[in-house]
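**Student:** For reference, the chains in residue letters:
There are 2 protein chains.
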Amino acid sequence: MKPVRENVSAKRAEITGGFWKEKQDLLKNVTARAIWDRFEETGRFGALLGKTGEGIPKPHIFWDSDTAKWIEGAAALLLHRKDAELEAKCDELIARACALQAEDGYLNSYFQVIEPENRFTRRSQHELYCLGHWIEAAVVYDEATGKKELLHACEKYADLVDRVFRAEHSAAFDTPGHEEIELALYRLYRHTGKEKYMTLMRYFIDTRGTARDRSQEERDQSYHQAHMPVREQETCEGHSVRAMYLYSAMADQAAEDGDEALRAACVKLWHNCVSRRMYVTGGIGSSHVGESFTEDWDLPSHAAYAETCAALGLALFARRMLRLDLKGEYMDTAELALYNGALSGLSLSGDAFFYENPLAYSPRYSRVVQRWGSKGVHHAIGERVKVFGCSCCPPNVLRVYGALQEFLYGEDEDALYVHMFASSRAQTHFGEIRQDTDYPRAGGTAITLPGGRYALYVRVPGWARELSVTLNGKTIPSQVRDGYLCVQGPFAQNDCLKVDFTLPVLFLRANPKVSNLAGKVCVTRGPVVYCLEEKDNGAELNDLAVRVPSVPVIRQDPAMGLPVITLPGSRGEEACGALYAAEAWPRRNCSLTFIPFHAWANRGENEMQVWVRAE
Amino acid sequence: MKPVRENVSAKRAEITGGFWKEKQDLLKNVTARAIWDRFEETGRFGALLGKTGEGIPKPHIFWDSDTAKWIEGAAALLLHRKDAELEAKCDELIARACALQAEDGYLNSYFQVIEPENRFTRRSQHELYCLGHWIEAAVVYDEATGKKELLHACEKYADLVDRVFRAEHSAAFDTPGHEEIELALYRLYRHTGKEKYMTLMRYFIDTRGTARDRSQEERDQSYHQAHMPVREQETCEGHSVRAMYLYSAMADQAAEDGDEALRAACVKLWHNCVSRRMYVTGGIGSSHVGESFTEDWDLPSHAAYAETCAALGLALFARRMLRLDLKGEYMDTAELALYNGALSGLSLSGDAFFYENPLAYSPRYSRVVQRWGSKGVHHAIGERVKVFGCSCCPPNVLRVYGALQEFLYGEDEDALYVHMFASSRAQTHFGEIRQDTDYPRAGGTAITLPGGRYALYVRVPGWARELSVTLNGKTIPSQVRDGYLCVQGPFAQNDCLKVDFTLPVLFLRANPKVSNLAGKVCVTRGPVVYCLEEKDNGAELNDLAVRVPSVPVIRQDPAMGLPVITLPGSRGEEACGALYAAEAWPRRNCSLTFIPFHAWANRGENEMQVWVRAE
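Protein sequences, first through last, are from chains R and A.
Be aware that the first sequence starts at 3, since it is given in our numbering, and climbs by one per residue.
Be aware that the second sequence starts at 3, since it is given in our numbering, and climbs by one per residue.
Incorrect hints may have been included.
Identical copies look the same in the list; a pair holds intra-copy or inter-copy alike.
[Claimed, not checked] The calculated lysine to aspartate or glutamate pairs, modelled on EDC-like cross-linking and capped at a C-alpha distance of 16 Å, are:
#1 K196 with E385
#2 K537 with E607
#3 K329 with E8
#4 K150 with E262
#5 K53 with D222
#6 K23 with E468
#7 K515 with E575
Calculated directly from the structure, the hints in this document are not laboratory data.
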């Protein structure tokens, strides 16, 4: 295996302009505060006081993870932005957590208050998942502020876990029901340099799905990816967020240890995910039952679950795969999720959220499903809300997009990597690298380089067209391999590499094996997936067809943050009333307005469709 | 309103050859006996003995209707075929029923044995539905054998119902939860000439959905079409079999009374059904929840409920609409149901049945739905079974197809009507009319006429092409209006009118408002809907596409009873593994074998699709 390239960390990289800068500003100014208010109101933050009694809501087993993710998100925003209020709130919450922590290191606002006798007895109860999020918050908060109280608390808790689970086997289960601790331990190991956390991480990864691990199980093992040892897994099974966190940790361990079997499993799982079970938006997990992957080619649009956290998890997995394997498809896919299936989880106003991200919505379909579907049937909501009972997605949006700069750059001994485009700067061991770009409103990026003897790899997205590359104004050859352009140095300080490409409007079709997408196309431009919304196109979106191919009109739209696309198409004549006919249906021409998928449902409840009939 | 044309009754018409003769022979030789055996085994026939105790199954509230429909079916077959065994069994069952009947006329093997104190107290409990089926059985058995015991018993029971419901209002409800009594009373009125049964029928029709009728209701009124007075109803709502029985009775009453408001309601309901809510197979009732209609354009293929009884009910409604309105679309639609969505309820062997008739089936879809659908989720079975817990469909198939000749001819004062094609003869008041035809294996029919001064109307199906008409070998003009060719008499005895047309293979498309059928076509030939089955075409039917247009190869298939069609098409290359692409998918040509929809699932469980991707 080749030496591992590292991502340039969120602390050492900074987004300085453009679409993602605007989103990060919104996260700091609106989202972080909106979630804070909701978590205060619902008792999540109060739960850390460890009190019970009249008027105090009973904590939920995963409330600590919500709080920890909020701290991690606030900390990520503090990396490059001062905000005394956010920092003070983090300090207060961390102080509560440290005060609550038990003598032996245990920390859980549910079990310590409600069921102290039952700690580490139920695999499904999210204790190690919560610790994982505490650890991630602690690492980022230390990076942002240098304050180490939470880090020390987490280390103490992790040491307890190491003793109870790995050394003594005295817990009632071997591996957690909801993965997260594994990748967090890797992060703790990398942050502290302490090998024991890597050892514990390996223990959890290597134990999962073994005969002993399975013997304690009461429910379908594949729900939490424990149906077989992880190195033998070839298809994405079970709860999609858990799966992504596990696969992310597997990729971390494979990179750390040069573990070829683990790497091969990651590659197989990746391909099963993106080539068989992923929505075109980067959403994953088709079914609300178990919030799960289902089977190959099962990608219903209206009934899509496609949890925000799962799309975020796919991006996290992709970023880690890049350490193992320099292939453009990883960031192509991460961008799909980040610009579409995950970002749709956040309103344009920054203070409302989707948990599920269906690819089609209609009030009528919801009504049909509610009334005529099966008992206990499920359907997505059509407007974002401020908070959920299970409100994992909002703070996950905050922490992942708050540290989005970690996706931009990579480095190793003899190379620098530009994985993703955003106006930004990053400190590498060769010096500062900068990008100036209006991506994805337009194609291309201008990269200002540090001087040095290294190779520069720049990702060229799979959908990019008309590539041209100049170094200091002079055209240079632009051979692309596996989605990366490679320019060999040495480079002089402030050499400027311009990579230009167009963002064509594409009409994607789904593999014919996806039955429900026959005859339909998805309009994309660069990494951005588009949809039709009733507000722009009238009701009965089913009845609209887009002309393929046709020439798009692209108009920047400041409210949506990304361009709006107009394409010619048609709709059925009003009088066209028959149900079946051998002749062509009478249609009249019309103009169709496509908006970025992530921006749907910001103008009231209405119909939406990603996959549109082609004509 | 024009004078009403009558259907030539099943007693006066007889099918003498061809596809339907073969089916009626199968019904007599296999189906009637298979259902008999199952109903004996399950205790349905035994329930009429009115006994309870160890080893005697507890009767179900609708068992009497199963038995009555079996008698009606056997009676229909006895109209033109001797069968001492069937007749003896009918006699035995009728003797049991008459012995069970209470002094006051009440007859119900459930309530008399299990809850004698609760008769006529619960609207949902099918008492009047069972009586309706007893009446229909009694009328046909009298016609077939001249034996009137059951008829007399039914009259006595109907008189009790008239007193309790209409005169005294002493029942706990006003109109039954499952319609059927209404059309049966009309039949009883026509058979006996007794006006009181027409009065009682009108009472039930006119009372349904009135404020008083609704006041006693505990559940959604639209479930049994009681959400508003029947003359105000414009959309097909609720349980689809109940709806069809109600609309059939409404059409009977409209014809009998020249009731224009009732006729107008029937026409609106008809159009809502066939132009918005009917499967291309003539199946209706999209959802298993309440076995119900849902909303316009909601016609899922895999999840289709499309109960056999509902398609039969649509044919019964269509036949009655023809009395009100001479339009080809009624029999075009009835044929759709009779050749497809209802006939699929019967195996080619004659002894196994479908209750539901989905338009697509795959073992994988069933697995996905079972595992990943909602709690209590529903999916159709993939192979026919011998009997159901709720086994209404098998005897319904027996009685409707057993009397199928009633669909063929109509008459009024100055005209004869040929509505449907089958080798047959019928006694009209002008004399005997005969058809000689191989329909629908081939197009056209040769009609031998009685002499007389009348007009002859012959239906020309909407899909028919290349029409030519000869009278005694000489071409005559062939003007078609509203789907009927009219030839003015007078005619000489044995004049021969030959109506020839071709049965083109059509590629039907669904209205674009039906989202899930985008890009797909349904192959039909004449009234017969075709489907792909895995046995002929391999697995992954989703991945097949049929060339549109293309030239079919038609091959008669004795096993299926109707031709098999071969068409060119394509399937995905094995290597075609990506999930989304802007380029065309690599495909290779193949030949697709389409079989008649009704004949699917006769060779073991396998995939099936009616709607096929078009290329």
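**Student:** Could you run down the list of hints and mark each one as holding or not?
**Tutor:** To see whether the hints hold, each was checked on the structure:
no.	hint	in the structure
1	K196 with E385	neither (46 Å within a copy, 61 Å between copies)
2	K537 with E607	within (9 Å within a copy, 46 Å between copies)
3	K329 with E8	within (14 Å within a copy, 75 Å between copies)
4	K150 with E262	neither (35 Å within a copy, 86 Å between copies)
5	K53 with D222	neither (35 Å within a copy, 47 Å between copies)
6	K23 with E468	neither (27 Å within a copy, 69 Å between copies)
7	K515 with E575	between (31 Å within a copy, 11 Å between copies)
Checked against the numbered hints given earlier, the structure breaks hints 1, 4, 5, 6 and satisfies all the rest.
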